[in-house]
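Enquirer: Residues per chain are reported as follows:
Number of protein chains: 2
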Amino acid sequence: MGFEIKAKIANFGGQLLKLEHQSTSTKTKMALNLFLPPTSISQPSHKTPILIFLSGLTCTGDNCAEKGFLQPHAARHGIAIVYPDTSPRGAKIDGEDDNWDFGSGAGFYVDATTEGWRNNYNMYTYINEELPSELFKQFEVLDSGRVGIAGHSMGGHGALTIFLKNPGKYLSVSAFAPISNPINCPWGQKAFGGYFGEENKEKWAQHDATELVKAWEEDRPLEVLIDVGTADNFYKQGQLLPENFKMAAGDKGIQVRYQEGYDHSYFFISSFAGDHVDFHAKHLCNRALR
Amino acid sequence: MGFEIKAKIANFGGQLLKLEHQSTSTKTKMALNLFLPPTSISQPSHKTPILIFLSGLTCTGDNCAEKGFLQPHAARHGIAIVYPDTSPRGAKIDGEDDNWDFGSGAGFYVDATTEGWRNNYNMYTYINEELPSELFKQFEVLDSGRVGIAGHSMGGHGALTIFLKNPGKYLSVSAFAPISNPINCPWGQKAFGGYFGEENKEKWAQHDATELVKAWEEDRPLEVLIDVGTADNFYKQGQLLPENFKMAAGDKGIQVRYQEGYDHSYFFISSFAGDHVDFHAKHLCNRALR
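Chains as they are written, first to last, in the working numbering: chain A, -17 to 272; chain H, -17 to 272.
It should be emphasised that the hints constitute simulated quantities derived from the structure, not laboratory data.
For clarity, every value in this text was computed on a predicted model and none was experimentally measured.
The reader is advised that the hints may include incorrect statements.
The list makes no distinction among identical chains, and a pair is therefore deemed to hold if it is satisfied within one copy or across any two copies.
[Stated by the list, open to error] Below are the DSS-like pairs computed for lysine-lysine, each with C-alpha atoms no more than 27 Å apart in a straight line:
| # | residue 1 | residue 2 |
| --- | --- | --- |
| 1 | Lys(-10) | Lys218 |
| 2 | Lys0 | Lys218 |
| 3 | Lys218 | Lys(-12) |
| 4 | Lys(-10) | Lys196 |
Model the full structure from these sequences, guided by the hints.
Expert: Spelled out as structure tokens, the structure:
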């Protein structure tokens, strides 16, 4: 359903809109942030490409909008950014708020199939269908034909899998410290076990970037930018496994950059935000010149 | 006393150090953040100028380090930034934590004279003497001869007054939405009444930027950059009064920019962080070329 605009905040010559709407996918009220670059306001007839930024465990759509430093670069390129929440909130499911890596703040961008969760935990459909559809309906300045997707950690997993599952739908994808092979890491195993059931391994594979990239058609272009910090404790603990993704991709155009000394925090994201937005702009903005 | 380095976080090619030390001015443990630009690490023999950034009511030294986006610009210019806390914490003073605009998080960068507060609430001496002195002692890469000062809201008041009270000590000053005439606004009257007493109006004037700028020697150069958002509710409520400061300064070089539609938040600070760091760089970095 339509978005209620809770606040309009001037930012980098554009506006950050604080939005709320009732989601049909999650059956809960969902909050999000939408950054509109200066050109969306000064030239509303000029269609604006949009980047979907998916956040990581425990986050809402606020963290990256406040700390990620993507907006100045999006303002420069004339790109909008939407920062959705990472799960339904207040779904009144037993145990929903008991874990920081499962349930609230940890929707993992899948549609759950298990009892208890499947009624609300449909973040895949929410991000891939409902959210963009509602945005394009209400904000006519946004260009439904030029959408990129990015994310951090669990959100990097979301960005990679949603991109790979929908060839041609998203023009660009990048990730900061993504969970790249969830079926082989503790975070992913806990989440997929809970949302899909322990036995449903076929379903697990359908939401694993490393499995999905193997099936990507050889002749279809694939360019992915990934940054991972070498001082990232979750990387060191084997939660991210970007090597597996890179190896599975073979000759395809996966660029994994290991950033010396960087950790898993927003200090890492903000440091490379410019590179990522520039990367998306190459795909999202050049298209406009055709 | 010396700083304990609690964490070193890679950021924009430099490092954000999370520091803690026992302060002799406040008689409490004080936490702070110190950003060192890439050149401080790659060329430790090359002295680095430093900007002191004073935060506003309710903040610690973390908020602006995470949300202010001064670091990328400081990295570009080779400037360090220190983000101190805004008051002593845990001083065990009666009523210390009862108000968001007095006591904890609201030290107002003065040395209190009133019973109860004067033992710990010595943020003027802490910022103007103890903190830089300790930093220059421990971090030899920092250049004690090239120090700038800036701040937001209450911190803008701190930056302006500390600059004006110490001619020649700081090479540059700028402020975001500063409390510019505290003796004539509710925040300032509450704070000065509490820290100096209601009767001590002479002391009040000694920490009022508008009063201080009147006394600035005509032939001494004065260049100040101030940004204020026109949608800033505190500005509209008369808490900031930059007009009074500008008028009191007369022909002196005060640049007050009213930024259309911007509020009082870090979304405002981050949007103009580049301009402010550039302004400080003009004063702090050119000096190195002489």
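Enquirer: Have a look at Lys(-10) and Lys196 and pick one of within, between, both or neither, based on CA distance no larger than 27 Å.
Expert: Classified as neither: same-chain Cα gap 43 Å, cross-chain 38 Å, threshold 27 Å.
Enquirer: Quick one: Lys218 to Lys(-12), C-alpha cut-off 27 Å, is that within a copy, between copies, both, or neither?
Expert: between (40 Å within a copy, 20 Å between copies)
Enquirer: Is the C-alpha distance from Lys0 to Lys218 at most 27 Å within one copy, between copies, in both cases, or in neither?
Expert: between (35 Å within a copy, 22 Å between copies)
Enquirer: Taking 27 Å as the upper bound on the Cα-Cα distance, should Lys(-10) and Lys218 be classified as within, between, both, or neither?
Expert: between (40 Å within a copy, 17 Å between copies)
Hint violations for this structure: number 4 only, all remaining hints satisfied.
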